[in-house]
Amino acid sequence: MNHEFMRIPRVQRLEYLRAFLTSFSNGNLDEEEATKAIQREMAYFELEKAKALGRKRPRESKGTSTLPECLKMARHLALIDRFHRLTADAACALDPKQSRAFLLGRIWQCYPRFRQLLLLVRNSGQLDLPFYARGDAFRQEMRSQDDLEFDHLTVQTVRDLATQLELVNWYPTEDRRQIIYPVACVTTFTEIVALAGLPIATETYAQQCCHHCGLDLNLLTIRNDHYELSGGIALDVQGYLIMQTGSDQVFVKNHEVPLERFEQVLWKEYLGLSDMRPYFPVLYPNLRNWVCATLRISDRLFDRLLLSLIREPQRLIIYPSGGVLNYAANLAHLGKFLPPKTSQGNFIVYLKMDRKGAT
Amino acid sequence: MNFYSDYHLSDNPFPTTPVLEPSDSDIRINGTIYNPEIMGDEIGSLLSKIRRRPPLIYIENSDFVRGVGKSALIVQQWRQLQKDPTLTSVYLRSEKKLSPADFAARLISRWHQDGYLWTVLLRLLGGYVAEKPHGEITTAGVAAFTQAFQHLPHRTLSLLNFMVYNPDRLISELAVWVHRQEGDSLPLEIAHTFFQSYLADPRTFPEEYPKTLRKHKWDHITMIAAVYRLLKLGGYAYHYLFFDQFEDVVHGLSGKSLITFNTEMRRLIEASIGRATMIVSLHPGAHATLDTAEGGDITSIAPLDQRHVVSVWPLGKDEATKLAQTYLDHFRLAASPPPNTLYPFTADAIEQIWTTYKGNVRACLLAFNYAVEKGADEGYPLIDGDFLVKHHADITGQVHADEIIL
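Residue numbers (this note's numbering), protein chains in the order written: chain R, 1 to 359; chain V, 1 to 406.
Read the hints as simulated data drawn from the structure, not as lab findings. Accuracy of the hints is not assured; some may be wrong.
[Unchecked claim] List time: in silico DSS-like cross-link candidates among lysine-lysine, alpha-carbon distance up to 27 Å:
| hint | chain 1 | residue 1 | chain 2 | residue 2 |
| --- | --- | --- | --- | --- |
| 1 | V | Lys-256 | V | Lys-232 |
| 2 | V | Lys-217 | V | Lys-256 |
| 3 | R | Lys-352 | V | Lys-358 |
| 4 | R | Lys-352 | R | Lys-336 |
| 5 | V | Lys-83 | V | Lys-97 |
| 6 | V | Lys-83 | R | Lys-268 |
| 7 | R | Lys-253 | R | Lys-352 |
| 8 | R | Lys-356 | V | Lys-132 |
| 9 | V | Lys-390 | R | Lys-356 |
| 10 | R | Lys-336 | R | Lys-56 |
| 11 | R | Lys-268 | R | Lys-56 |
| 12 | R | Lys-336 | R | Lys-356 |
| 13 | V | Lys-232 | V | Lys-96 |
| 14 | V | Lys-97 | V | Lys-215 |
| 15 | V | Lys-83 | V | Lys-322 |
| 16 | R | Lys-268 | V | Lys-256 |
| 17 | R | Lys-352 | V | Lys-374 |
| 18 | V | Lys-83 | V | Lys-256 |
| 19 | R | Lys-97 | R | Lys-341 |
| 20 | R | Lys-36 | R | Lys-72 |
| 21 | R | Lys-352 | V | Lys-390 |
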């Protein structure tokens, strides 16, 4: 596992990779079965999108180009061998408990562009990129960010993979751009060690990440306002994902937010979208975009916290309701904006809320 | 029973539904309440353009929000211009899918219904008899006819009562007489139809003239050009035509339908040059539609520039106060003078409402209405800043800024 690959296979969703891996029969690849498995996954996903948009007929995807991309990624990540047989590591990628940490570690190690872009997002706090620019126009924008040579497809692939791995989140803006921001604190052992002897710095987001991680993991101590190397790493610190990547280690900690703060930001952003009107329906994905950007959390965490507030109201009464999402034929990223479903299987398209006891 | 006497008012002065309906008898919504100090800049800009008489004036809101007062400006100026006896001022509410020919038909119908064309007939009879005192109708006959029918009669007329023994000849002579004065712009057939229906049964005019148009393959735009001439002969030299909600017609048009609309609109404008000014309301979306290549037919005659566009801005703080005061003044009880002109409001309360709604006239009027109603519910207290904070959600429908923090 020492190989690095410059091109990241265009696997838009990790579900397709998992479907590809589960299609193996007795550990061997059956291309026909693998294509069918990916197509099933795509068909399910398109059906969900069609339901959310209120369309009767889902869009049809052949999925033929996805199979070779899944094959490449599985090879890169050493999930299959050169004879296209499953390796023992494939089980880790398929195990829901280990999947995130395992895939994150492997992807980080195999694809330098993945880690370059993630560290760029972390170092700049957020990336503001064109949503529809292609070719040279896009490359030029990327060069202006950090002199990096990225095409739009690579950025899109990294963004989508990192979003699913809950490392970043993003939203499109009205002026046809996209903002990508971190939702997890990512640092490496090398970065933390390099701080030794330097004065404390917590001004930027990247500095805060290194500072907290170094102290939390007992890699650093502070003496006379300067960092010093500590005795050894504390491996049992809660909330950290620690991955060995070659000679380095990567530490990942998801942003956490207390329920009270989440509720406060939810209310504030809701009033912003509803023009200060309580009990006025706002689109779930819109509200989620704003709250997640403010709190720098993933969509999944938003959904979880919101559903808990619906089940057990605190200071707000939240009314979820059904409906149809705005139809946008070119919005290929609708999957990212799908709201969660109720227990009856209906999408929560609108949210209305008011303070408890306000009326 | 008056529920508002404790506030020294005969009724809630502010409309429950702040929309303009000129035909309604309620002064809160028919545009009668007028204070030239409110939207003074906009009124000044519109009057200056009205004086110059361009073919088209656009009244446009400054941003995408509705309810800034375009319709109010239109209705009030329409009413003001009606006071001038030498011109006509006509208000039409536009509807989706109306074509320029439909506008022309509605204008003719309005001139007919409002009695302008009847006045024209009386004046033309007077002119005719002065020129031909020994014609088919006598001076005494015209005087008696004018005396008997000062306003548009909604019944059959008998010219025999006015010593006209050959009505057909009279009609023909009148038609030839006006045609000679105006030439081919006032076709003989249209003039004949006008006199024939107006001197027999004026109610039939709206049904009769389209038959003449169909017979000669003319449309309503040809007809309106002829009617302009008739109106001029009858003493109405110029016309101000107000098309409210014009944006509803334009917005959403594109491609072929926009080109067709614009070509026809251009004909209507050309028929009106030197005779009428059309004043149309536009919102920025409709502005964008007209600003396309397909919209060129209209905008080449009347560009969307400062000479043709009146921009309507949200109210200023002082204007919001004057707005409230003007409405309150119209509903004061003569026998019960209030402690001050803004009562039951305080200047602070007006300012808060103005700030909340960023000067949007419609939203401010609605909030004033709700505030008075809430005050009546609460036992007629002074409507001040504290009252607004306490009942903010009831009055504005919005959460107060202080309540953002849970």
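Among all the numbered hints in the text so far, which are the ones the structure does not match?
Hints 1, 5, 6, 7, 8, 11, 12, 13, 16 and 18 contradicted; others consistent.
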